[in-house]
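Each protein sequence line maps, in turn, to chains A and B.
So the number in our numbering is just where the residue sits in the first sequence, counting from 1, plus 425.
So the number in our numbering is just where the residue sits in the second sequence, counting from 1, plus 345.
If you are wondering where the hints come from, they were derived from the structure by calculation, not from laboratory data.
Glycine included, each C-beta is placed from N, C-alpha and C at the ideal position.
Among the hints, a few may not be true.
To be verified - Computed cross-link-like contacts, SDA-like style, restricted to lysine to any residue with a CA-CA straight-line distance of at most 20 Å:
1. A:K454 / B:E516
2. A:K430 / B:R391
3. A:K448 / B:N440
4. A:K473 / B:Y452
5. A:K436 / B:N440
6. A:K448 / B:R392
7. A:K430 / B:N440
To be verified - Here are some chain A residues the structure puts well away from chain B; computed CB gaps all over 12 Å:
8. E427
9. G433
10. G444
11. V455
12. S457
13. G466
14. Q483
15. V488
16. R489
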Amino acid sequence: MEVLKVNGAEKEFPQGVPGTLAKLLDELKVESAMVAAEIDGQIIERGKFAQTPLRSGQSIELVRFVPGG
Amino acid sequence: MNDKLVIAGREFDSRLLIGTGKFASCETMAGAIEKSGTEIVTVALRRVNIADENDDMLAAIDRSKYLLLPNTSGARNADEAVRLARLSRAATGINWLKLEVTPDPYYLLPDPVETLKAAEILVKEGFVVLPYINADPILSKKLQDVGTATVMPLASPIGSNQGLKTRASLEIIIEQSNVPVVVDAGLGLPSHAAEAMEIGADAVLVNTAIAGAAEPAQMAVAFKLAVQAGRMARLSGPGATGKLASASSPLTGFLRDD
Chain A
426 MEVLKVNGAE
436 KEFPQGVPGT
446 LAKLLDELKV
456 ESAMVAAEID
466 GQIIERGKFA
476 QTPLRSGQSI
486 ELVRFVPGG
Chain B
346 MNDKLVIAGR
356 EFDSRLLIGT
366 GKFASCETMA
376 GAIEKSGTEI
386 VTVALRRVNI
396 ADENDDMLAA
406 IDRSKYLLLP
416 NTSGARNADE
426 AVRLARLSRA
436 ATGINWLKLE
446 VTPDPYYLLP
456 DPVETLKAAE
466 ILVKEGFVVL
476 PYINADPILS
486 KKLQDVGTAT
496 VMPLASPIGS
506 NQGLKTRASL
516 EIIIEQSNVP
526 VVVDAGLGLP
536 SHAAEAMEIG
546 ADAVLVNTAI
556 AGAAEPAQMA
566 VAFKLAVQAG
576 RMARLSGPGA
586 TGKLASASSP
596 LTGFLRDD
């Protein structure tokens with residue numbers, strides 16, 4: 426079973442992990458505007474999400490702006 | 346009156362920065378921001394809430410009108426702050442940053458050592474760094490020396506509404522500073538903001554006092570007016586204070602014979 430750790434939580438992908446980071450965001454219904462992503466601690470530049478392949482076992486952080494002082 | 350606030354070469358008319366946290370709703374937040382006349386609003390960075398499709402407050406902020414100033418709240422040390430800063434820039438291209446390193450959850454006081462360490466790294470990476478600090482004149486100088494765009498000393502703990510508890514130190518920072526001084530945190534009333542401007546602060550940052558008011562939009566107006574009044578007073582050259590009275594009416598021509 427392919428898995429990814431997304432924001433600290435293990436997610437299973439019975440059909441295999443999405444091919445790219447952009448596809449993962451689509452599957453999670455996360456709007457990619459203003460989202461920052463890290464894969465295994467490496468920041469992925471905005472605009473490169475569709476060219477960034479994913480592999481089972483990777484740890485992904487997705488962050489966005491929220492209200493704050 | 347051409348009295349612009351200049352930060353990193355960019356000019357602003359408003360000397361009131363607004364924090365976007367703690368508002369009851371996005372609509373309330375947007376209304377208060379608009380009424381405040383601000384041009385700079387802070388935001389934080391957190392994990393996307395994957396379970397919630399409507400997890401997006403940014404839609405309520407018109408980015409053509411307001412400069413977004415991401416903060417590194419949540420960072421407990423320099424490494425965490427630098428990571429948040431880089432993520433913020435990767436997400437939006439914004440290289441302005443409110444540097445906030447607050448490991449202590451009780452008073453949320455900023456760690457001076459980690460803040461200076463992070464500032465040095467981030468300035469070298471091309472960030473416009475606005476560091477949140479305690480009202481420490483020496484630290485303030487050191488941060489300017491590494492190239493921060495401002496210093497942002499606190500008046501009292503974040504969200505405490507206590508006002509200018511650090512007034513004496515703020516006055517020293519203001520006197521010695523070569524970069525704009527933005528008093529940030531603990532301003533609870535418009536009179537506190539006016540006081541900060543009267544002692545020479547270049548700007549103030551307010552969040553809780555507005556978001557936590559019963560009428561946030563109206564309180565935002567009150568703060569706007571207070572910041573303008575305080576600044577105008579400062580530029581008008583206030584008179585000295587004295588221990589004894591100094592008569593306001595003439596001391597001659599009294600209606601008596603002695």
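Evaluated hints:
1. About 50 Å separates the Cα atoms of K454 of chain A and E516 of chain B, which puts this hinted pair outside 20 Å; it is violated.
2. Of the supplied pair hints, the one linking K430 of chain A and R391 of chain B holds, its CA atoms being roughly 16 Å apart against a limit of 20 Å.
3. Taking the CA atoms of K448 of chain A and N440 of chain B, the gap is near 27 Å; set against the 20 Å cutoff, the hint is violated.
4. Between the alpha carbons of K473 of chain A and Y452 of chain B the distance comes to roughly 40 Å, so the proposed pair goes past 20 Å and is violated.
5. Of the supplied pair hints, the one linking K436 of chain A and N440 of chain B is violated, its CA atoms being roughly 33 Å apart against a limit of 20 Å.
6. Between the alpha carbons of K448 of chain A and R392 of chain B the distance comes to roughly 18 Å, so the proposed pair stays at or under 20 Å and holds.
7. Note on K430 of chain A and N440 of chain B: the hinted pairing is violated, with a Cα-Cα distance of about 29 Å set against a maximum of 20 Å.
8. Distance check for E427 of chain A against chain B: the nearest CB is about 18 Å away, which clears 12 Å, and the non-interface claim stands.
9. Look at G433 of chain A: its CB is around 8 Å from the nearest CB on chain B, not clear of 12 Å, so calling it non-interface is violated.
10. Every beta carbon of chain B lies more than 12 Å from that of G444 of chain A, the smallest distance being close to 19 Å; the non-interface claim holds.
11. A Cβ of chain B approaches the Cβ of V455 of chain A within 12 Å, the least distance being about 6 Å, so the stated non-interface status is violated.
12. The Cβ of S457 of chain A does not lie farther than 12 Å from every Cβ of chain B; its closest approach is about 10 Å, which violates its non-interface assignment.
13. Against the 12 Å criterion, G466 of chain A falls within the reach of chain B, whose nearest CB is about 9 Å from its own CB.
14. The beta carbon of Q483 of chain A is kept farther than 12 Å from every beta carbon of chain B, the shortest such distance being approximately 16 Å.
15. Not every C-beta of chain B lies more than 12 Å from that of V488 of chain A, the closest at about 5 Å, which undercuts listing it as non-interface.
16. A Cβ of chain B approaches the Cβ of R489 of chain A within 12 Å, the least distance being about 5 Å, so the stated non-interface status is violated.
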